[in-house]
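Position chain B relative to chain G; hints supplied.
As you go down the protein sequences, you meet chains G and B in turn.
Here numbering that gives the first Met the number 0 is used: the first residue of the first sequence is 0, the next is one more, and so on.
Here numbering that gives the first Met the number 0 is used: the first residue of the second sequence is 0, the next is one more, and so on.
Hints were generated in silico from the structure; no laboratory data involved.
C-beta atoms are modelled at their ideal positions from N, C-alpha and C, and glycine is treated no differently.
A portion of the hints provided could be inaccurate.
[As the list claims (entries may be wrong)] Label pairs and their in silico Cβ distance ranges: (1) B/R266 to G/D52: 53 to 61 Å; (2) B/S49 to G/R78: 31 to 39 Å; (3) G/R20 to B/R265: 43 to 51 Å; (4) G/M240 to B/H211: 33 to 41 Å; (5) G/Q124 to B/G274: 53 to 61 Å; (6) B/Q53 to G/T142: 46 to 54 Å; (7) B/R228 to G/A275: 37 to 45 Å; (8) G/N192 to B/P56: 42 to 50 Å; (9) G/R228 to B/L277: 28 to 36 Å; (10) G/M240 to B/E194: 32 to 40 Å; (11) B/T21 to G/N159: 29 to 37 Å; (12) B/S49 to G/R228: 30 to 38 Å.
Protein chains: 2
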Amino acid sequence: MTSPFSSASGPLVAIGGAEDRTSELEILNKVFDLAPAGNQEVAVIATASSIPDQVLPDYDAAFSRLGASRVHSLGIRDRQEAADADTVRLIEQSGVIFITGGDQLRLTNVLGGSPVLNAIRQRLQDGAVVAGTSAGAAAMPGTMIYNGASADALRKGAVNMTFGLGLVDGLVIDSHFLERGRFTRLMEIGASNPEHLGVGISEDAGVIIHPHGILEAIGPGHVILIDSRDLASSNITDLSMGEPVAIENMILHAMVSGHGFDVEARRYLVPHELGAILTESR
Amino acid sequence: MTSPFSSASGPLVAIGGAEDRTSELEILNKVFDLAPAGNQEVAVIATASSIPDQVLPDYDAAFSRLGASRVHSLGIRDRQEAADADTVRLIEQSGVIFITGGDQLRLTNVLGGSPVLNAIRQRLQDGAVVAGTSAGAAAMPGTMIYNGASADALRKGAVNMTFGLGLVDGLVIDSHFLERGRFTRLMEIGASNPEHLGVGISEDAGVIIHPHGILEAIGPGHVILIDSRDLASSNITDLSMGEPVAIENMILHAMVSGHGFDVEARRYLVPHELGAILTESR
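In isolation and in its complexed conformation, chain G is listed as follows (with noise of 0.2 Å):
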C-alpha cells in the first residue's frame, strides 16, 4: 500500500461541530489562510443539512468577515444538482471548500460518484483547502461512521459505517466527541480493525490534515486519537451481535491547539516538534 496521505497535495479541515462563527472565528479564520495564495473564493456546500437556508447566510457572513472575495452558497439538494455544471464551475474556482454539518449519510448519497465530489477531490489535488465541520468532517475518509449508540457503542454491530468521501484514508473522523461521549464508538471499531487511527474531535475544536498525514490540532477544544494498532487482545470475533466487546491495549491521546500527531509513525508531536516539521516541509 503506498502512503495514503501522498497524494493530496492541499490540507484538509476537519472541524468537530459547532465551530464559532460569530465573534472570535478562530477555526474558520485558520481555514481561510490555508487557502491558495491569490484565491480567495469560498464554496460552502450544504448538503449535509436539513436547513440549508439557514445554514448558508452564517457562512457567507463569516466567510466575508474574513475576506473572502465571493462565497458561493450551495445546497446541493440531490444528485441532479450534483452534477450541475455551473456548480462544479464554482467549485472548480474556489480556494476554499467547506462542506457543512448536518446528516453524513445525505452527503455521500448524494455526492458520492458525483461530478461536484469529483470536482472537490480534484481542488484538493491542485492545493485547496477542504474542510468540513461536524457531518461534513465525519464522512471525509474513505470509510464512515454514521450513526451509533452514544451510551454504549462498545457492543459488537452498535456502530454503523459505510463509505465516505475518500478525501482521506488511514483513519476515521468522529466528531462532537467529547459532548456526546463518543470513545466507545472509536473504540468498537477499533476492535474491528486495528489498523486505522480514530479521531474524535469536539466541538469547537478542529485538526488539520496536512499532507504526508501530519495532524495538527486548531481551535479551543480538544482532538482525541485511539490508537488500536497495538491491540493486544479482543473478543470482537467470538461475539453474537450486541455483546460486550473486551479490548486489551489502546493508546489515548488528547490534542490541544499546536499539538500535532504524525499518522503513519504513529507519533505524539509537542508543539515544537510539530512546528519542525510543518517548516521542513515547506
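Here is chain B on its own, set in the frame of chain G:
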C-alpha cells in the same frame, strides 16, 4: 510504599450503578456469593441516598431472594447515627456490607472518621465482602471524585476530588461511566498524577477487587481502565484553571465479565489467565 492491596483480606465489589435489583440479580448474586462461609447476614447502608425509604426495601427484597438470613436496613443519616453502638454491632455481625448510591460527598461527610466506617474497614480485613454501587463505589478509594463536568472534564480543575472512604488505594473509581461519557474525568486525573489506575464502571457492570489487587469484571456491562503510568507528556502544569489539558499516551482497556487486570503489574488478564490467578490465590 507497601502494596496498597495487601492489608484487606475480604473482597471489595465496586458497581457502576443501576444494577439489576429485580430480575436476574446477576451482580448482587456475585456479591452475596462472596460472603464468608456461614455468614449470610447483610447490612445495607443508604447514607448516600436522599431517598433511603425507597432504596432500602429494594435491597432488602433482593438480598432476601438471594438467601440472606437477615438484611439490616441502615439509613445512617448523620454523624450521631454513624456513631451508634447498635448500628456498629449490626455491621460487625454482617458478612456482606452493601453501600447504596446517591451522593458520595454525603457518604464521606457522614461516615468519615466514624465508628461505622471503622467497623466497615475491620470487617473487610476480617474477610467480609464490602460492595458499593454508584456513589458507594466511587467513594471506596483513598481519594474520590465527587463532582466534575461531564461534557469536557479535560480542562484543568474541572474534576473535584477529596478524601474517600479509604477502603482501597492505587486506583480511582468512576461510575455510570459509559452512560455519562466520563472518560475525560479519569484522563484529567491521570494527567494530574499518573500513578493511580482509573477504573470506569458502566451501569449494570461491576468489578471485584480481590486481595492483592486483582480486578475481575462482572455483570453484563463494561469496566473501562485508563492507565496513565506511561504518560509521556502533558501541558497540565503550564495551564491556567479551565484551559484544555493535552495528553500524550495513556493506555485504554475495556473489560467484560470474566476478564481481569493485575493492578500492580499493570497486566490485562484474559479469562484463562484470570482463572489461573484466582485459583492459585485460594
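Evaluated hints:
1. Our hint of 53 to 61 Å for B/R266 and G/D52 holds, since their Cβ atoms are close to 57 Å apart.
2. Look at B/S49 against G/R78: about 56 Å separates their beta carbons, and that is not inside 31 to 39 Å.
3. Checking the proposed 43 to 51 Å range against G/R20 and B/R265 shows it holds: the Cβ atoms sit about 45 Å from each other.
4. Checking the proposed 33 to 41 Å range against G/M240 and B/H211 shows it holds: the Cβ atoms sit about 37 Å from each other.
5. For G/Q124 and B/G274, the Cβ-Cβ distance of about 55 Å falls inside the hinted range of 53 to 61 Å, so the restraint holds.
6. Separated by about 47 Å at the C-beta atoms, B/Q53 and G/T142 satisfy the suggested range of 46 to 54 Å.
7. Taken as a hint, the range 37 to 45 Å is violated for the pair B/R228 and G/A275, whose Cβ atoms sit roughly 28 Å apart.
8. A beta carbon spacing of about 48 Å between G/N192 and B/P56 agrees with the range 42 to 50 Å that was offered as a hint.
9. In this structure the supplied range 28 to 36 Å holds for G/R228 paired with B/L277, their Cβ-Cβ distance being about 31 Å.
10. Against the hinted window of 32 to 40 Å, the Cβ-Cβ separation of G/M240 and B/E194 comes to about 39 Å, which satisfies the hint.
11. Remark: the range hint 29 to 37 Å for B/T21 to G/N159 is upheld by a beta-carbon distance near 32 Å.
12. Between B/S49 and G/R228 the beta carbon distance is about 46 Å. The supplied range of 30 to 38 Å is therefore violated.
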